[in-house]
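The chain contents come next:
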Amino acid sequence: KNEVEQSPQNLTAQEGEFITINCSYSVGISALHWLQQHPGGGIVSLFMLSSGKKKHGRLIATINIQEKHSSLHITASHPRDSAVYICAVSPSGGSQGNLIFGKGTKLSVKP
Amino acid sequence: KAGVTQTPRYLIKTRGQQVTLSCSPISGHRSVSWYQQTPGQGLQFLFEYFSETQRNKGNFPGRFSGRQFSNSRSEMNVSTLELGDSALYLCASSLVSIIWTGGPYEQYFGPGTRLTVT
Chain A
1 KNEVEQSPQN LTAQEGEFIT INCSYSVGIS ALHWLQQHPG GGIVSLFMLS
51 SGKKKHGRLI ATINIQEKHS SLHITASHPR DSAVYICAVS PSGGSQGNLI
101 FGKGTKLSVK P
Chain B
1001 KAGVTQTPRY LIKTRGQQVT LSCSPISGHR SVSWYQQTPG QGLQFLFEYF
1051 SETQRNKGNF PGRFSGRQFS NSRSEMNVST LELGDSALYL CASSLVSIIW
1101 TGGPYEQYFG PGTRLTVT
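As you go down the protein sequences, you meet chains A and B in turn. Those letters in the first sequence? Residues 1 to 111, per this note's numbering, in order. Those letters in the second sequence? Residues 1001 to 1118, per this note's numbering, in order.
One or more of the hints may lead you astray.
In silico DSS-like links for lysine-lysine, alpha-carbon gap of 27 Å or less [as the list claims (entries may be wrong)]:
# : chain 1 : residue 1 : chain 2 : residue 2
1 : A       : 103       : B       : 1057
2 : A       : 68        : B       : 1057
3 : A       : 53        : A       : 68
Footprint (simulated), chain B over chain A, 3 or more residues, beta carbon under 8 Å [said to hold, decoys possible]:
# : region
4 : 4-15
5 : 95-108
Don't read these hints as lab results, they were simulated from the structure. A virtual CB, placed ideally from N, CA and C, is assigned to each residue, including glycine.
All chains, please: the whole structure from these sequences, using the hints.
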């Protein structure tokens, strides 16, 4: 079993829909990261959080440390949100770069 | 501030050859980490360097090695290339390495080097 599990693997939505991507992990962590990867490969860090909730524009990330679960929400989705969203964790006691990644969720938003 | 840069962006090599990839971190960042991304395994941690020292290494064979220079630029080397080494190799930089020194800190990723082994 992977230490970081994401669901769903693939997601197709209509423009304007509310989207939720889930991430569960089985290790102790110091932080959880949500990353966005567009075709072509470049990765952008969307959120880094260790508790509670963070919001950037239409994106919201939440984490429940007790349940070892995080969600990424996209409100009013737009075709430009189409990308792969990757959950990654920084294990407790680990170094900064030693991330464990989920397999990613491929999101396609149709106009 | 310039972002993380990686060179080359694309590379085609033959089985048995060796390859060197380069990563220049954001100015002021002292930690550089390398990752391999393949369709089958996804993203996996290769190794992390801080102040010219390897701080952590992932579960990869000894054919994968790296180093960091005094200006924080880093290189990774893969010797005796195998078909399975075909992947996108990403590096990321961060301010520091050890999370408990006020971190964790955000990782900033480069565009990647796409390596094809034939």
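So, going through the hints one by one against the coordinates:
1. 103/A <-> 1057/B: Holds, because 20 Å separates the two Cα atoms, which is no more than 27 Å.
2. 68/A <-> 1057/B: Holds, because 25 Å separates the two Cα atoms, which is no more than 27 Å.
3. 53/A <-> 68/A: holds (14 Å)
4. 4-15: Three-residue rule not met by the region 4-15 of chain A, so violated; n is 0.
5. 95-108: holds (count 10)
Violated hint: 4 only; the structure is consistent with all others.
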